[in-house]
Each structure stands twice: as C-alpha cells, then as structure tokens.
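Heads up: the protein sequence lines correspond to chains V and B, in order. Count the first sequence with my numbering and you get residues 61 to 397, in order. Count the second sequence with my numbering and you get residues 2 to 409, in order.
Worth double-checking, as some hints may not be accurate.
Here are the computed lysine-lysine pairs in the DSS-like style, where the Cα-Cα straight-line distance is at most 27 Å [unchecked claim]:
| no. | chain 1 | residue 1 | chain 2 | residue 2 |
| --- | --- | --- | --- | --- |
| 1 | V | Lys309 | B | Lys379 |
| 2 | V | Lys268 | V | Lys240 |
| 3 | B | Lys213 | V | Lys278 |
| 4 | V | Lys309 | V | Lys278 |
| 5 | B | Lys349 | V | Lys62 |
| 6 | V | Lys267 | V | Lys309 |
| 7 | V | Lys341 | V | Lys62 |
| 8 | V | Lys240 | V | Lys124 |
| 9 | V | Lys268 | V | Lys309 |
| 10 | B | Lys56 | B | Lys31 |
| 11 | B | Lys222 | B | Lys98 |
| 12 | V | Lys102 | V | Lys124 |
| 13 | B | Lys377 | V | Lys216 |
| 14 | B | Lys222 | V | Lys240 |
| 15 | V | Lys278 | V | Lys216 |
| 16 | B | Lys56 | B | Lys100 |
| 17 | B | Lys121 | B | Lys56 |
| 18 | B | Lys281 | B | Lys56 |
| 19 | V | Lys244 | B | Lys222 |
| 20 | V | Lys239 | B | Lys379 |
| 21 | B | Lys222 | B | Lys56 |
| 22 | B | Lys281 | V | Lys268 |
| 23 | B | Lys281 | B | Lys349 |
| 24 | V | Lys309 | V | Lys120 |
| 25 | V | Lys343 | V | Lys268 |
| 26 | B | Lys222 | V | Lys216 |
| 27 | B | Lys51 | B | Lys98 |
Listed below are several chain B residues computed to face chain V (Cβ distance under 8 Å; list not exhaustive) [said to hold, decoys possible]:
| no. | residue |
| --- | --- |
| 28 | Ser49 |
| 29 | Val50 |
| 30 | Ser126 |
| 31 | Ser149 |
| 32 | Thr160 |
| 33 | Gly182 |
| 34 | Ala184 |
| 35 | Ala243 |
| 36 | Leu257 |
| 37 | Ala266 |
| 38 | Met269 |
| 39 | Lys349 |
| 40 | Asp369 |
Everything labelled a hint here was simulated from the structure, so no lab data went into it. All residues carry an ideal CB built from backbone N, CA and C; glycine is no exception.
This is what each chain is made of:
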Amino acid sequence: MKSIVISGYSNIIPDSIFKIDSERDVQFSTTQFDTREVLGKKGTRSMDKLTGLAVHCIGKIMSKLSSQRDQEADRIGIVIGSAQGSMDSITRFTYETLAHESPDYVNPALFPNTVMNCAAGQSAIWHELKGPNATISSGELSSFAAIKYAISLLNKNYADTLISGGIEELAEVNIAANKKIAEKLSVSTVFSEASAFFAIEHSDTTKKYQREILAEIKAINIGFNPALNTHHALSELIDQTMSSANVEKSDIAVVSIGGAWPQTRQVEIAAVENLLGAVYKAKLLDAYQENGNAVSCHNALQLGSVVNAIGPNENALLVAQDIKGNIGVMIVSGGDR
Amino acid sequence: MSDERVVVTGLGVLSSIGTNLDDFKEALIKGDCGAQFASMFNTEGFDSVKACEIKAFDPTLYVENIPVDMLGRSSQFSIAAAHMAIADAGLNRSDIKSKKIPVCIGTTDGESQSLDKLAKLWATSGINSFDADLAEKSVASNLSNSVSREFGLHGESVTISTACSAGNYAIGHAFDLLQAGDADIALCGGCDSVCRKTYSGFSRLGTIAPEKCQPFDLHRKGLLTGEGAGVLVLETLASAQARGAKIYAEVLGYGLNCDANHMVAPNMDSVANCIRIAHKNANIEPESVDYICAHGTGTVANDETESGAINQVYNNNPPPVSSIKSMLGHTMGAASAIASIACVLSIKHQFLPPTINHEVDDEKCISDCVANRSRKHKINIAQNNGFAFGGNNAITMYGAYTDEEAVA
C-alpha cells in the first residue's frame with residue numbers, strides 16, 4: 061500500500077538558544093549563516109538571507125535527489141511555508157523609495173525579493189526543479205500548512221517528490237516588528253532564525269530511488285480555531301487525525317507540542333490532556349523549549365525533532381496552534397532506522 | 002472510484018470596474034476601464050500616477066464580527082468578496098458557522114498597505130517607531146484567517162503567496178480538497194491592494210504604462226497596477242445538488258509548473274508545458290477550448306511569450322484570447338481569481354470579454370484578442386492563464402455544467 065513518507069531532512073539552526081530569566085524580555089537567536097560565504101558570489105549579489113537559507117537548506121537534501129532530478133525535473137517541486145516572505149526586503153524596498161530625494165534611487169534588482177514566493181522561485185532556479193512550486197502563508201503554522209499542501213499535491217499525483225518545510229530570517233525589520241508584538245502581548249520570548257526542509261513522497265518513489273525512509277506521515281490535518289483560548293477545535297482535529305491514521309491513544313509513544321506562545325501552549329496542553337489524561341506515559345517534546353519560536357519554520361523544526369526521536373513503528377502525535385488560531389495535527393511513525 | 006465533480010455555486014468580486022457581481026459583469030460586456038489618477042496609496046515622488054483602484058469601499062457593509070480598524074485593506078477586501086460569494090451561493094452565515102469550510106486566498110503582497118505604513122514610519126521616525134497593531138495587521142495569513150474568523154469557519158485557512166498566479170493556486174487547492182472529500186464547500190480566490198512597493202518596483206523595471214494598459218497591442222507600454230478581490234464558492238456536485246444550489250460552471254482541473262529559469266522573465270516552453278498539464282488534468286484536448294482568459298499584463302515580454310506559448314499548444318490556431326487586465330489593471334494575487342470569475346461568467350452568459358485599448362495588431366502576439374468590444378460566443382470550456390514572478394505558472398480550466406458525466 062502506498063504511504064506518504066519522509067526520505068530526507070535538513071536544517072539550519074542557531075548555534076544555541078537563549079534561555080530567558082527575566083519577565084517581559086524579548087530575545088533573538090540568529091544563525092551563523094552567511095549567504096555569500098556559503099553559496100558563493102555567483103548569483104547571490106541580490107539574494108536576501110531568507111532566500112539564501114532556503115536555497116542552501118534545500119541543497120543539503122538535493123544530494124539524495126540528484127539522479128531523480130536528472131531524469132524527471134518536472135516531477136520534483138518545492139513547497140515553502142513563509143508567513144510573509146522577507147518582511148525585511150519588502151519593507152526596506154519601500155523605505156528606500158522614501159528615504160532619498162527621489163523614489164528612483166531604489167535598486168530594481170531587489171524588487172524580486174519583495175514577492176513572498178522569492179525563496180521558492182530562486183530555490184527552483186538554483187536546483188533546477190520544474191515541478192509544482194508554492195509558498196504557503198499561515199502565520200506560525202506556515203510550515204505545517206506547507207507540508208499539508210505538499211501532501212495534497214502528492215495525493216493527486218501532481219508530483220513525485222516535494223521538498224517542503226519552512227524558513228524564517230531575523231533581520232532588522234522583523235526583529236523590530238516582533239519586538240513590538242511580544243511587548244504588546246507582555247510575554248518574554250525567544251525568536252529564532254531557522255530553515256528546515258523534508259523530502260516528502262509516496263513510499264514507492266522512495267523504493268524506486270533506493271532512499272531510506274526516515275518516517276511515515278500517517279495523517280495530517282490543519283484547521284482554524286475561531287475561539288482562540290479553548291481547545292475544542294484542536295481536540296476535534298486530533299480525534300479526526302487519529303481516526304484517519306487508525307491510531308489509538310495507547311499507541312502514542314511521543315507527544316510533541318509547538319508551544320510557540322504561552323497562550324497557545326496552554327491550548328495545546330489542554331487538548332493533549334483531553335486525549336491522554338493529565339498523566340500519560342508518552343514522552344513529551346516541546347518545540348519552543350528546544351528551538352525558541354522559529355515562526356514560519358517552527359513546525360518544521362518540531363517535525364524534525366520528532367523524526368529524530370521516534371524509533372521504528374513508534375507513533376508520535378504532533379499538535380500546534382498559532383497566535384491567530386491556525387491549528388494542525390499530525391501522526392508520524394518511525395522509519396527504517 | 003472516480004473523484005467528486007466540483008462546481009462553482011457562488012461568486013463575489015470587487016474591482017475598479019465593479020464592486021459587485023452584476024456591475025462587474027456589465028463592465029466586462031461594455032468594456033469599461035478602471036484606470037484613474039491614483040489616490041489610494043502613497044505616491045509621493047511620482048508624477049501623475051494612474052492605477053485601477055477601488056475608490057469607494059465601505060467595509061462595514063460586509064464585516065460584522067471583527068472591529069474594522071483591526072483589519073488591513075486586503076483583509077477587508079477578502080471578507081467583502083467572501084460575503085458576496087456566500088450570499089450569491091444562497092448560503093447564509095448561520096448555515097456555515099462552525100462548519101469545516103476551508104478558506105484559500107491567493108495574494109502577491111498580503112497586507113501591503115500596512116507594510117507601506119511601516120516603511121513610512123521607519124523613514125520619518127526610525128525603525129523603533131513601529132507600531133504593534135500595524136505589525137500584526139501586516140501578516141499575510143490575515144487574508145484567509147480574517148475570513149475564517151469573520152464567518153466562524155473551522156476548515157483550513159491558508160493564504161497562498163505565489164504572487165500573481167496565486168488566485169489560480171488557491172482555486173486549485175480548494176478543488177483538490179473537495180475532490181479528496183476533505184470538505185463539501187470551500188471558499189477560494191485571491192486578493193490584493195494597491196501599494197507603493199509594487200508600483201515603485203514595476204516603475205523602476207520600466208513596465209508601468211503611462212496612460213492605459215494595451216495587452217497584445219504593437220505599441221503596448223506595460224501594466225497598470227490595480228486592486229481587488231475575487232472569491233468563489235466551490236462545492237462538490239453532490240452538495241450543490243442536495244441543497245438545490247444554482248450551478249454556474251464546473252471546475253475541470255488545473256495545472257502547475259515552475260520555469261526554474263528566471264525570477265522575472267517568463268519562459269515560453271515552460272508556459273506551454275503548463276497549458277498541456279492543465280489540459281491533461283482537466284481531461285480535455287486543446288480543440289475543445291472556446292476561450293482563453295490571458296494573463297495578458299500588457300508588458301512587451303509577457304504578451305509575446307504568452308502568445309507564443311498559446312500558439313505552440315494550439316498549433317497557431319487558438320480560440321479567442323482576451324486580457325481583462327486592459328480594463329481592471331493588474332490586480333496581482335487577485336488577478337487570476339477575478340479572471341476565473343470572468344471565465345465562469347463567460348460560460349454562464351456566453352460572451353467573450355474584450356481586450357480594450359487595442360489599436361494596432363502585433364504580429365508576434367495572438368491574432369484574435371477580442372479587440373475593444375465583447376462578443377456573443379458559444380463557450381463550453383474556458384482556460385484561465387496565471388503566471389508570476391518566480392516562474393510560478395498556474396492555469397485553471399472551467400466547463401459548462403451539464404448533467405452528464407464530463408466528456409472524456
């Protein structure tokens with residue numbers, strides 16, 4: 061039987077995540093990634109960091125896919141989760157039209173960086189991938205929604221393999237914006253810069269190209285919770301996802317929550333306890349504790365940690381809600397290792 | 002088991018040539034032009050800017066459950082278009098509240114006017130003067146999330162930000178969700194507001210027309226930026242029949258591909274391939290297509306490349322092709338959603354929308370661009386082209402709805 065599996069994973073993350081002591085403190089944890097240093101000077105003169113993070117992280121997966129790409133480039137695509145593209149490139153471009161004597165001083169070569177699909181389009185050019193290419197914006201749930209969209213395309217046979225995940229840069233503009241938002245919400249938090257991607261495909265494609273199965277995505281669903289502070293919508297989505305994965309609660313070995321904000325963590329915990337009770341055997345992973353809030357990349361890192369944590373035939377339950385009410389649930393089981 | 006058939010049962014549209022469905026349809030038939038002097042975005046430093054704007058818009062006519070000042074202009078547009086589409090589908094708010102109805106909205110620039118305002122604050126008072134409310138308003142997912150919140154919907158709520166073909170992506174995704182049985186009804190489309198960022202960018206690329214947009218004309222000078230929203234109610238045929246809904250047309254399928262060649266310049270062979278993919282997925286042959294609603298931006302490069310790709314697939318004998326961007330400008334992420342509505346109307350009312358402002362044929366472009374006047378025409382199948390920066394091509398196919406199984 062055909063199943064949806066992960067056959068590649070790569071990430072770029074900060075060297076260390078700050079731990080916050082004081083109340084109402086907002087911190088930013090960036091990667092050491094330097095676009096021109098890593099990718100070279102050719103073709104990167106106008107490339108922003110967000111796009112560089114995508115191009116390089118996808119490149120780390122491409123080593124497993126190069127022979128497939130040489131045969132069928134139009135059957136491999138890219139689906140990137142990005143809440144708003146490079147907010148820095150977009151806002152900076154407009155700023156440059158206002159900061160000088162004339163708007164004509166703005167550099168037109170930077171204009172393509174101001175569309176939210178820049179990273180996906182540039183990654184396709186860089187790695188010569190002509191299959192479906194999409195960018196999905198769903199706030200902090202963006203990478204979750206991107207993976208869901210990718211699986212929807214695979215199920216309809218629009219592609220054989222999709223490289224999907226999320227990207228988040230921390231640059232001057234979104235650091236300034238995130239700081240104001242966190243202050244308004246009166247929370248102490250760490251925002252992280254990151255990039256994380258998976259090769260996702262049907263298991264017969266994995267077999268055909270003799271790749272290793274890292275994990276199986278047994279079921280994935282996303283939805284919206286208009287009643288932000290209650291867990292009912294998330295609980296309902298968990299039930300639906302467990303049922304389509306044909307997994308019982310006693311089968312769950314690992315539970316993973318997003319935990320991006322204190323408010324959303326409470327909802328996630330309530331939904332998990334509604335399912336498993338206040339005391340449960342399953343191991344609990346908390347993506348925020350591990351990585352900080354990686355915004356558009358948050359759930360991709362969450363999934364990456366789960367893939368690394370589960371053994372063969374073990375099942376993991378991933379739940380996440382973002383600050384706007386986007387919710388996601390995934391059941392993942394261990395692969396060949 | 003065959004996939005569910007998917008039909009269009011509701012339409013909502015906002016544009017410079019009509020802010021409701023009837024006015025929009027009449028404007029397409031008459032060949033109205035939405036270009037005026039720009040007043041809805043910050044044009045300081047530019048002279049006599051023309052754009053296709055929505056001059057009179059009152060969000061309080063549509064928004065009931067969210068304070069209007071918490072919504073950016075684009076989210077107000079997406080709620081307004083969704084409100085009109087839901088009403089047109091014969092549904093009311095209580096019918097759909099708490100239902101698992103997905104919302105998929107395509108966009109190029111998201112909440113661009115909020116981002117413009119952040120840039121202005123930065124230029125005048127420094128980057129630390131950013132306002133938290135404005136920053137929250139600027140998040141792109143608000144375009145779909147605001148609709149889900151306003152109508153109390155529990156289905157997935159995604160904003161697809163694949164630039165100027167995003168409307169077609171969103172419709173395609175909703176089509177897939179319905180075919181897969183994930184939902185019975187979906188709201189999908191696209192939305193964008195005029196903004197300084199996009200105007201400045203196209204201006205610096207030298208692709209803004211000074212006066213009028215003239216797709217496929219020998220002397221075409223570029224595009225006019227526009228704004229608007231188009232939302233469609235898509236529904237499984239079983240659901241539409243069960244509630245006795247009026248059916249405008251059937252969604253036959255769609256195609257996606259990526260040029261993987263250049264961020265800005267379109268690629269003829271790749272566009273031709275995308276047309277072939279769309280035809281294959283819709284299970285139709287080129288000969289059965291009666292109308293092509295072109296991407297037709299009015300730039301030298303797009304119109305020549307698009308014409309070449311169409312001629313390649315149709316062996317130099319394509320059906321009539323027109324660009325409604327000649328009338329309502331380039332509405333960016335809304336463009337292919339509004340154009341999808343034009344296709345659906347062309348099928349329902351059997352007419353070809355015109356390409357206005359046409360003066361001189363260009364032999365490098367398609368031969369019949371429905372110049373200047375709409376025509377009565379038998380349309381069973383319409384093709385809607387959408388292309389974007391990043392080489393993100395997306396093409397949707399629509400067919401007249403008949404009771405019989407779709408023709409293989």
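Taking the closest Cβ pair, is alanine 184 of chain B under 8 Å from chain V? 11 Å, violated
Are lysine 56 of chain B and lysine 31 of chain B close enough, with their CA atoms no more than 27 Å apart? 20 Å, holds
27 Å Cα cutoff - pair lysine 278 of chain V, lysine 216 of chain V: 17 Å, holds
Hinted pair lysine 281 of chain B and lysine 349 of chain B, Cα distance within 27 Å: Holds, at roughly 23 Å.
Hey, lysine 213 of chain B versus lysine 278 of chain V, does the alpha-carbon distance stay inside 27 Å? Given that 27 Å is the threshold and the Cα spacing comes to 53 Å, the pair is violated.
Given the hinted pair lysine 309 of chain V and lysine 120 of chain V, is their alpha-carbon gap at most 27 Å? Distance ~35 Å between lysine 309 of chain V and lysine 120 of chain V Cα, so the pair is violated.
Hinted pair lysine 244 of chain V and lysine 222 of chain B, Cα distance within 27 Å: Not satisfied, since the Cα-Cα distance of roughly 47 Å exceeds 27 Å.
For the pair supplied as a hint, lysine 222 of chain B and lysine 56 of chain B, is the alpha-carbon distance within the 27 Å limit? It holds: about 25 Å lies between the C-alpha atoms, which stays within 27 Å.
Hinted pair, alpha-carbon criterion (27 Å max): lysine 102 of chain V, lysine 124 of chain V. Please report holds or violated. This hinted pair holds, its Cα atoms lying about 24 Å apart.
Is it true that the CA of lysine 222 of chain B sits at most 27 Å from the CA of lysine 98 of chain B? This hinted pair is violated, its Cα atoms lying about 47 Å apart.
Using 8 Å as the Cβ threshold, decide whether glycine 182 of chain B counts as touching chain V. Interface hint status for glycine 182 of chain B: violated (11 Å vs cutoff 8 Å).
Given the hinted pair lysine 240 of chain V and lysine 124 of chain V, is their alpha-carbon gap at most 27 Å? 42 Å, violated
Of the hints listed earlier, those the structure fails to meet are numbers 1, 2, 3, 5, 6, 7, 8, 9, 11, 13, 14, 16, 18, 19, 20, 24, 25, 26, 27, 28, 29, 30, 33, 34, 35, 37, 38, 39, 40, in rising order.
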